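Quick note on numbering: the sequence shown equals residues 1 to 420 in UniProt numbering.
In short, the hints are calculated from the structure, not lab data. Check each hint, because a few of them may be wrong.
Below, in silico cross-link-like pairs of lysine-lysine (DSSO-like), each with a Cα-Cα straight-line distance of 27 Å or less [to be verified]:
{"#": "1", "residue 1": "Lys215", "residue 2": "Lys135"}
{"#": "2", "residue 1": "Lys85", "residue 2": "Lys215"}
{"#": "3", "residue 1": "Lys275", "residue 2": "Lys118"}
Each pair of labels, with its calculated beta carbon distance range [claimed, not checked]:
{"#": "4", "residue 1": "Pro233", "residue 2": "Ala319", "range": "49 to 59 Å"}
{"#": "5", "residue 1": "Met213", "residue 2": "Pro131", "range": "20 to 30 Å"}
{"#": "6", "residue 1": "Arg285", "residue 2": "Leu314", "range": "47 to 57 Å"}
{"#": "7", "residue 1": "Ser229", "residue 2": "Ala383", "range": "25 to 35 Å"}
{"#": "8", "residue 1": "Gly274", "residue 2": "Arg358", "range": "54 to 64 Å"}
Computed from a predicted model, the values in this text were never measured in an experiment. Don't be surprised by glycine CBs; every beta carbon is placed ideally from N, CA and C.
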Amino acid sequence: MEPSTRRWFPGSNRAASGFTLAAMPSLCRDCLHHDATPFPDACPRCGGRRLVAHDELETLSIAHVDCDSFYASVEKRDRPELADKPLIVGHAGGRGVATTACYIARRYGARSAMPMYKCLELCPHAVVLPPDMPKYRRVAEEIRAIFAAVTDCVEPVSVDEAYLDMAPEHRRGDAGAAVLLADVALRVEQEIGLTVSVGLGPNKFLAKLASDMNKPRGFTVIGQAEARSVLAPLPVERIHGVGRALAGRLTAQGWTTIGHLQALGEMELTLRHGKLGRRLYHYARGLDERRVTPVRPAKSVSKETTFRRDLHRLADLEAELAGLTDSLAGALARKEVAGLTVVLKLKTSGFRTLTRNRRLPEATRRAEVILAAARLLLARELADSPGDSYRLIGVGLADLCPAEQADPPDLFAPGGEGRP
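Taking the hints into account, I'd like the entire structure generated from these sequences.
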C-alpha cells in the first residue's frame, strides 16, 4: 500500500498508524449521517459509535449481506425466554447435525454442521430445537423484500444470505451504496427483529470475505487498494472455492497462506493447477470478475429520494413526486417494461416506512398516468395522517409486463396511437 493511501482497518474505529484521514468518507450506522471527512470517536449528529470510514466508501458497489446465526436468531426472536440461553437448531439423537448454533453456544465450541452429539458434549446445557424451514423461508422473503427496496439486482446465495449490486444503474433512490446498506441493516433489525452483517467491496469475493470478518452485526469494507494486504495473512481456505482437499494439496506444496500464493506467478500456478491455478492467482490478489446475477427478474421498478429536511406540505411532496415519476418513466423505458400497480412509499420523520398501492385498469409506463395515481395515494395518506412530516418519498411500478403489452392506442387521439 502506498504511504499516501488513507483507510480504516476493516471493522475498527481507528486509523492505520501514520495515515492521513483528511478526506476519508465516513458513515454513522445508527442515524445514517455521512460526510466526506472522518468523524471523531462518535457521530457528531447522534453520538453513536458504530462508525464506518474508508477511502472507497462512496465508490464500492458490491455487497454481501448475511443474517447472523439465522435459524437460531429467528427462534430466539419468537421465544424471548431463550434470549440468554445457548441454542442449537438441528435434529437431536442418532446421526443428526447442528444446522445452526447461536453465538452463546459457539462460545462452548458448538458449530454449524457439527454432529449433534459433539455439540452437546461441548455444551450439555444447550437448548435444542428442530428446524422450522417453512418459517425460515417466510422470514427470508421478508428480508429479501427489504433488499429489493434498495436495488433491483439481488442474488440470493442461500436462505440467509445474498449478494447485492449497488451500482448506480441498479440501486433505488439517490443515496450512496453504503448509506443504503446501513439502512437495510437498520430495517431488518427494526422491522424483522434480526441482525445482519454487511460486507462491501469491489467484487463478490471481497464482499463475502468482509461480511464474515466482524460478525455479528458487522459492517466491514475492503477496498481494492488494501485487498492484497488484507488477504496475505489469511489461510488459503478463505479463498472462494478452496475446500479441504485443495487446501491439503496447496499445503503439501508449502502454500498455507494467501500471501504465499501472491508470491507466485500466474504461469506457475496454471502449470500446477490448470484453470484452477489461474483463478487462485486472481483471487489471491482480490480480483473477481463474477457478476451479481439475480435469480428472478425484478418484480418492480421504483425511484425514491431522501430530503435534506423533513417535508409536510402536500405541494412540496407533490413536487418531489413529479420529478421522481419522470425518472421512473425513464427507467421503465430503458428496461422496456410497464406495470399494473403504482406504489407510493413514504418514510416519516420517526423512521416509520409506509407503502400504499393503487392498481390501474391497464398496464402503463406513462409518467402522467403513474403520477396521477401516486398523487391520489399521497393526498389520501396526508388526509388520514394530518400533522405528520416525512423524510423520504418514493414511487414505483409493480406487477411488471413487457412494454409492448401496455398503453393501448387511444383511438380518439390524433393519429390513433398510444403515447410513449
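Hint-by-hint comparison with the structure:
no. : hint                        : verdict
1   : Lys215 x Lys135             : 23 Å, holds
2   : Lys85 x Lys215              : 19 Å, holds
3   : Lys275 x Lys118             : 38 Å, violated
4   : Pro233 x Ala319: 49 to 59 Å : 54 Å, holds
5   : Met213 x Pro131: 20 to 30 Å : 27 Å, holds
6   : Arg285 x Leu314: 47 to 57 Å : 55 Å, holds
7   : Ser229 x Ala383: 25 to 35 Å : 58 Å, violated
8   : Gly274 x Arg358: 54 to 64 Å : 57 Å, holds
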